[in-house]
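Enquirer: Here are the chains, one letter per residue:
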Amino acid sequence: MAVLDINPTRMELNKLKDRLLTARRGHKLLKDKRDGLMRKFLETAKKAAKFRIQIEKDILNANLQFELSKVNTSPQLVNTAVIMSRQDLTVDISTSNIMGVCTPSFSINKRHNSSENISYSLSQNSAHLDNSIHLYDDIISKLITLSELEKTISILSDEINQTRRKVNALEHLIIPNYQDTIRFITLKLDENERSNIARLSRAK
Amino acid sequence: MHRIGIIGTSDNIKAFSMCGIDAFLVEDKSEAIKVIDRLASQKFAIIFVTESIVKQIPETILKYKHSITPTITPIPDQIPVQGPSFASESLAIDVKKATGSDISINDTED
Chain L
15 MAVLDINPTR MELNKLKDRL LTARRGHKLL KDKRDGLMRK FLETAKKAAK
65 FRIQIEKDIL NANLQFELSK VNTSPQLVNT AVIMSRQDLT VDISTSNIMG
115 VCTPSFSINK RHNSSENISY SLSQNSAHLD NSIHLYDDII SKLITLSELE
165 KTISILSDEI NQTRRKVNAL EHLIIPNYQD TIRFITLKLD ENERSNIARL
215 SRAK
Chain V
429 MHRIGIIGTS DNIKAFSMCG IDAFLVEDKS EAIKVIDRLA SQKFAIIFVT
479 ESIVKQIPET ILKYKHSITP TITPIPDQIP VQGPSFASES LAIDVKKATG
529 SDISINDTED
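Quick mapping for you: the protein sequence lines, in order, are chains L and V. With our numbering as the guide, the letters of the first sequence map in order to residues 15 to 218. With our numbering as the guide, the letters of the second sequence map in order to residues 429 to 538.
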């Protein structure tokens with residue numbers, strides 16, 4: 015039982031009743047927000063965990079291919095090929111809104127595709143290099159999706175944590191305090207009323 | 429228009445530059461932190477960092493964890509490191525923070 019430090023007057027009582035209503039409505043809304051965020055979060059987390067396992071395998075495979083390409087070819091030639099087949103890649107960031115939380119979504123811009131027009135000497139480089147270029151190309155788009163998912167997860171987890179604290183504070187502290195204070199003021203006013211009646215009847 | 433970067437210790441990250449990603453070879457963790465801070469100020473959207481470096485610089489990763497740019501994503505090394513990876517650990521931490529309990533996302537997978 016915690017009564018707020020205010021005067022037990024009718025005006026304060028009305029004010030408090032209003033505030034209690036607002037707090038209850040806020041509590042309900044925040045609870046819904048928390049549940050919505052949680053559902054989205056678990057969905058994303060599961061997806062990201064699966065995705066990461068798969069992508070780590072893909073990267074190891076691509077690394078292997080790239081290493082193999084160095085076996086028969088001199089490192090200088092591979093380096094030249096790597097520089098030659100360099101393509102332009104940028105990402106655009108847009109934000110999507112999940113329950114009022116901004117999360118990023120990346121979209122890839124490719125100037126030209128290196129896996130389609132190979133720009134190094136085919137006679138001097140091994141076929142493993144061609145393979146690895148294809149694999150890396152594939153990996154990049156997946157990695158970008160993975161980054162998006164993982165960033166979403168870290169932003170959502172923070173937001174869920176905050177929302178949960180707000181919900182708990184409202185539920186266990188603010189709303190009970192208001193209720194107790196309202197009760198206290200009502201009792202006090204009733205008491206005043208009774209003592210007033212008693213005083214008047216004695217004066218008669 | 430944002431660029432993508434990759435930071436690693438092995439020569440292998442060069443392969444990623446074939447796909448239009450800017451590769452940065454670093455020697456130690458202080459150099460890695462410098463590169464990450466520089467890339468962050470240059471509007472890089474995504475920075476891939478290999479696990480072996482990520483493990484040494486948790487403070488820097490935490491610094492950029494909740495901002496949209498740059499997004500730092502750990503990727504496996506050329507030779508996979510033993511034990512749980514930083515990425516799976518950080519996922520577990522996030523799940524714990526959000527749900528309040530230590531549930532394993534991988535186990536609930538069907």
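Simulated from the structure, these hints should not be mistaken for lab results. Values in this document were obtained by computation on a predicted structure and should not be read as measured data. Treat the hints with care, since some could be wrong.
[Said to hold, decoys possible] Reference listing, derived: stretches of chain V covered by chain L, where coverage requires no fewer than 3 residues with Cβ under 8 Å from a Cβ of chain L:
#: 1; segment: 434-447
#: 2; segment: 464-477
#: 3; segment: 480-493
#: 4; segment: 516-528
[Said to hold, decoys possible] Cut-off 25 Å, straight-line C-alpha distance, at most; resulting in silico cross-link-like pairs (BS3-like, lysine-lysine):
#: 5; chain 1: L; residue 1: K180; chain 2: V; residue 2: K471
#: 6; chain 1: V; residue 1: K524; chain 2: L; residue 2: K45
#: 7; chain 1: L; residue 1: K61; chain 2: L; residue 2: K47
#: 8; chain 1: L; residue 1: K54; chain 2: V; residue 2: K524
#: 9; chain 1: L; residue 1: K47; chain 2: L; residue 2: K180
#: 10; chain 1: L; residue 1: K60; chain 2: V; residue 2: K462
#: 11; chain 1: V; residue 1: K471; chain 2: V; residue 2: K491
#: 12; chain 1: V; residue 1: K524; chain 2: V; residue 2: K471
#: 13; chain 1: L; residue 1: K60; chain 2: V; residue 2: K493
#: 14; chain 1: L; residue 1: K60; chain 2: V; residue 2: K483
#: 15; chain 1: V; residue 1: K462; chain 2: L; residue 2: K45
#: 16; chain 1: L; residue 1: K64; chain 2: V; residue 2: K471
#: 17; chain 1: V; residue 1: K457; chain 2: V; residue 2: K442
#: 18; chain 1: L; residue 1: K42; chain 2: V; residue 2: K491
#: 19; chain 1: L; residue 1: K64; chain 2: V; residue 2: K524
#: 20; chain 1: V; residue 1: K483; chain 2: V; residue 2: K462
Just so it is clear, CB atoms sit at the ideal spot from N, CA and C, and this is done for glycine as well.
Enquirer: Check whether the Cα positions of K64(L) and K524(V) lie no farther apart than 25 Å.
Expert: 18 Å, holds
Enquirer: Examine the segment 464-477 of chain V for residues whose CB is less than 8 Å from any CB of chain L, and state whether their number is three or more.
Expert: Coverage by chain L holds for the segment 464-477 of chain V (3 residues, Cβ < 8 Å).
Enquirer: Does K60(L) pair with K493(V) here, judged by a C-alpha cut-off of 25 Å?
Expert: 19 Å, holds
Enquirer: Between K60(L) and K483(V), is the straight-line Cα distance small enough, at 25 Å or below?
Expert: Holds - the C-alpha atoms of K483(V) and K60(L) are around 23 Å apart, at most 25 Å.
Enquirer: Quickly compare the C-alpha distance for K524(V) and K471(V) to 25 Å and report which way the hint goes.
Expert: Violated, at about 31 Å.
Enquirer: Is the hinted pair K462(V) and K45(L) satisfied, with a Cα-Cα distance of at most 25 Å?
Expert: 42 Å, violated
Enquirer: Quick one, are K47(L) and K180(L) close enough, alpha carbons at most 25 Å?
Expert: 11 Å, holds
Enquirer: Within a Cα-Cα threshold of 25 Å, do K524(V) and K45(L) meet the stated pairing?
Expert: Holds, because 19 Å separates the two Cα atoms, which is no more than 25 Å.
Enquirer: If you look at each residue in the segment 516-528 of chain V, do at least three have a Cβ nearer than 8 Å to any Cβ of chain L?
Expert: n = 9 at 8 Å, threshold three: holds.
Enquirer: Is K60(L) close enough to K462(V), meaning Cα to Cα at most 25 Å?
Expert: 33 Å, violated
Enquirer: Do three or more residues from the segment 434-447 of chain V put their C-beta atoms closer than 8 Å to C-beta atoms of chain L?
Expert: holds (count 7)
Enquirer: Given the hinted pair K471(V) and K491(V), is their alpha-carbon gap at most 25 Å?
Expert: 16 Å, holds
Checked against the numbered hints given earlier, this structure breaks hints 3, 5, 10, 12, 15, 16 and 18; the rest are met.
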